Amino acid sequence: MPQIRLQNLIKRYGHVEVLHGIDLNMAENEFTVLVGPSGCGKSTTLRMIAGLETVSDGEIFFGDQPVGHLEPKDRGLAMVFQDYALYPHMDVAHNISFALRLQKRPKEEIKAKVKEVAEIVGLTDYLQRKPGALSGGQRQRVAMARALAKDSDIFLFDEPLSNLDAKLRGQMRAELAIMRHRVQKNMIYVTHDQIEAMTLADRIVVMSDGYIQQQGSPEELFKHPANKFVAGFLGSPPMNFLDSELIDLEDTLYAAGEGFRIAIPADKAHALRQSDNAVTLGIRPSDLSYAPDAPPGLGLDLEVIVSEYVGAQSVLLCVCGQANVTVELKSETPIALGETLRFAVRPEGIHLFDRKTGTAL
Amino acid sequence: MQYERQNPAFYALLAALIFMSVGPILLMFVNSFKLDVDIIGGRTGLLFLPTIRNYETALCDVLWYEPDHLDFCSLKFGGAFINSLIIALASTVITLVIGCMAAYALVRFRFMGRDTISLSTLMVRMVPPAVLLVPVFGLWNNEFCIDKATMVGGWIRDTFGGRGDVCLAGTHSGIILVYVAMNLPFVIWILQSFIVQVPRSLEEAARVDGAGPFQVFFKIVLPLIKPGLAAAAIFTFRIAWNEYLLASALSDRNTKTVPILIVNNMSEFNVEWGVIMATGMLLAIPPIIFTLFASRQIITGMTAGAVKG
Chain A
4 MPQIRLQNLI KRYGHVEVLH GIDLNMAENE FTVLVGPSGC GKSTTLRMIA
54 GLETVSDGEI FFGDQPVGHL EPKDRGLAMV FQDYALYPHM DVAHNISFAL
104 RLQKRPKEEI KAKVKEVAEI VGLTDYLQRK PGALSGGQRQ RVAMARALAK
154 DSDIFLFDEP LSNLDAKLRG QMRAELAIMR HRVQKNMIYV THDQIEAMTL
204 ADRIVVMSDG YIQQQGSPEE LFKHPANKFV AGFLGSPPMN FLDSELIDLE
254 DTLYAAGEGF RIAIPADKAH ALRQSDNAVT LGIRPSDLSY APDAPPGLGL
304 DLEVIVSEYV GAQSVLLCVC GQANVTVELK SETPIALGET LRFAVRPEGI
354 HLFDRKTGTA L
Chain B
97 MQYERQNPAF YALLAALIFM SVGPILLMFV NSFKLDVDII GGRTGLLFLP
147 TIRNYETALC DVLWYEPDHL DFCSLKFGGA FINSLIIALA STVITLVIGC
197 MAAYALVRFR FMGRDTISLS TLMVRMVPPA VLLVPVFGLW NNEFCIDKAT
247 MVGGWIRDTF GGRGDVCLAG THSGIILVYV AMNLPFVIWI LQSFIVQVPR
297 SLEEAARVDG AGPFQVFFKI VLPLIKPGLA AAAIFTFRIA WNEYLLASAL
347 SDRNTKTVPI LIVNNMSEFN VEWGVIMATG MLLAIPPIIF TLFASRQIIT
397 GMTAGAVKG
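Quick mapping for you: the protein sequence lines, in order, are chains A and B.
Just so you know, we're using the working numbering here: the first sequence kicks off at 4 and counts up by one.
Just so you know, we're using the working numbering here: the second sequence kicks off at 97 and counts up by one.
These are computed hints drawn from the structure, not numbers from a lab.
Keep in mind that a hint or two might mislead.
What the hints assert, rightly or not - Below are the DSSO-like pairs computed for lysine-lysine, each with C-alpha atoms no more than 30 Å apart in a straight line:
| # | chain 1 | residue 1 | chain 2 | residue 2 |
| --- | --- | --- | --- | --- |
| 1 | A | Lys116 | A | Lys226 |
| 2 | A | Lys118 | B | Lys315 |
| 3 | A | Lys133 | B | Lys322 |
| 4 | A | Lys226 | A | Lys107 |
| 5 | A | Lys114 | B | Lys315 |
| 6 | B | Lys244 | A | Lys110 |
| 7 | A | Lys118 | A | Lys133 |
| 8 | A | Lys170 | A | Lys118 |
| 9 | A | Lys133 | B | Lys315 |
| 10 | A | Lys110 | B | Lys172 |
| 11 | A | Lys226 | A | Lys114 |
| 12 | A | Lys107 | B | Lys315 |
| 13 | A | Lys133 | A | Lys116 |
| 14 | A | Lys114 | B | Lys322 |
| 15 | B | Lys244 | A | Lys116 |
| 16 | B | Lys322 | A | Lys107 |
Since this is a predicted model, take the numbers as computed values, not measurements.
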């Protein structure tokens, strides 16, 4: 129903400012993912939206209504906690219906709601169990069901999958995506896992050090990262960065560094001519391909150090001068360790960043 | 299953410990069925003619028949038993209610002087009850009184009877108050350690689910610290039930507790050992029942499954 709007949100602990003026607009029924490394302020932001942390400065709006001063119970939202936070002395049914019972809803309504929600998350057979008798994945479902039962317009998720093992995490991620289609509500999801962010989000907000680095759709952020941080954070394996200088040779702009020279496509080159010469060249591992006869200016010579076989793909760790470069290749490609091979760069995959500020050029 | 062979000295030590703890109770039990002549006569064997006469003497005011050997029922065990129950239960309940709230505040709220208060609760516990006796006796008799000339004082006198001003001394409330003050520090200290273990995210989840501060406390925190409450209840009840020193000074004829009654059996002419033993056995029953009941609440792993460990 409402849009959520954060206006110049600031959080201080004593004299230490940990969030520096967060401005964020989340559209109706949008699935927003706050992502960033540990300590970047994403969880604090979420907890401020929930009302569990006080707002030091700025305001939070649900629709047109400022809610920064309200108690969590008056904000009408549902939250899934990182550690599940199930009430251990209540069985699953009572856990799910806790909020409804606090609202003193009629018994039949509560019963029907619990049944409905338990079906959504697949817990119908476990309603009489205590949380202590459930597995990790089931506990996670109970936490999810408890949030769903509330009929809130806003759902908050605080790293809900981070306590699950890898296989279960993938499965729950898929279930979350399915649930997201059934329940069209505002959802804010905090994670440090960029895969979760990419797969679930309508809008990704990348945070670091208490600032928003960039926000937008997953595709937008992946294709056009605003700075070196975002570029390095999203994508797996992460983007390769090579220190280089811009050189103008015979009307073509090159990014050149130790042992390589890459031609920059003409459409990008024009804008770059005005900028500083010291840049960082960014290439994603998937934008490199094995091409022994790539013409000069379009390829890199890399010495292969390690080959990690991961099934259909192999990840090669290579060296170019002083820099480490990762390459993602089809496993069939014949590679011998210690060899120096030539790899072609996809022209669209060339990213350039200002070496000092890190902003994309 | 293979058990490790223990040193014989280990069993000897165990036997000694068991004898030391069970011995006195056994002695009391056996002697409570003997006549005073047999007890004092030094024939301490197990061969004697058991009699329930001591119990009849002890319970003479609650028995439905009049025991043959008694001319006059001097021992008011029934009344003292009721007094003991009232005082022990009331002080336990009050101590727990105040204690769990105080402990919760000390653990979860941030306020000035929190650490000092937390520490000083334990320091108060270090004061021996005997030190309290004289000042409390003075205060209860002279300071905390309502003048009988005032309306409230007059009303209380008219309703409950008695002479002089209405004072705390000699009332149930006076004794209960001292016991609460005496046990509160330890109870707060015990419960603090239990409340710390309640995951904070549980309270946050409850707040998001729509619970106010009191609902969080009563619906989430309290059920989870049940084992702590039970332990504290056993502790408080036992102390209040057995306490002698303060009760002997602060009670009067109508409010004396069972421990005081037992000592009343001693005079300069005669010590009625048999009756003392019998009353002692009777005294031991309620705490045992209370402990059995309360200890069933002590289950480990109350918070299992709440949060991912």
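A quick look at each hint next to the structure:
1. Lys116(A) <-> Lys226(A): violated, 43 Å
2. Lys118(A) <-> Lys315(B): holds, 23 Å
3. Lys133(A) <-> Lys322(B): holds, 17 Å
4. Lys226(A) <-> Lys107(A): Answer violated: lysine 226(A) to lysine 107(A) is near 50 Å, above 30 Å.
5. Lys114(A) <-> Lys315(B): Roughly 20 Å between the alpha carbons, so the hint for lysine 114(A) and lysine 315(B) holds.
6. Lys244(B) <-> Lys110(A): This hinted pair is violated, its Cα atoms lying about 55 Å apart.
7. Lys118(A) <-> Lys133(A): Between lysine 118(A) and lysine 133(A) the Cα gap is close to 17 Å, so the pair holds against 30 Å.
8. Lys170(A) <-> Lys118(A): Cα-Cα ~28 Å, so holds.
9. Lys133(A) <-> Lys315(B): holds, 16 Å
10. Lys110(A) <-> Lys172(B): violated, 53 Å
11. Lys226(A) <-> Lys114(A): violated, 48 Å
12. Lys107(A) <-> Lys315(B): holds, 14 Å
13. Lys133(A) <-> Lys116(A): The given pair, whose Cα atoms are some 19 Å apart, holds under the 30 Å limit.
14. Lys114(A) <-> Lys322(B): holds, 28 Å
15. Lys244(B) <-> Lys116(A): This hinted pair is violated, its Cα atoms lying about 63 Å apart.
16. Lys322(B) <-> Lys107(A): holds, 25 Å
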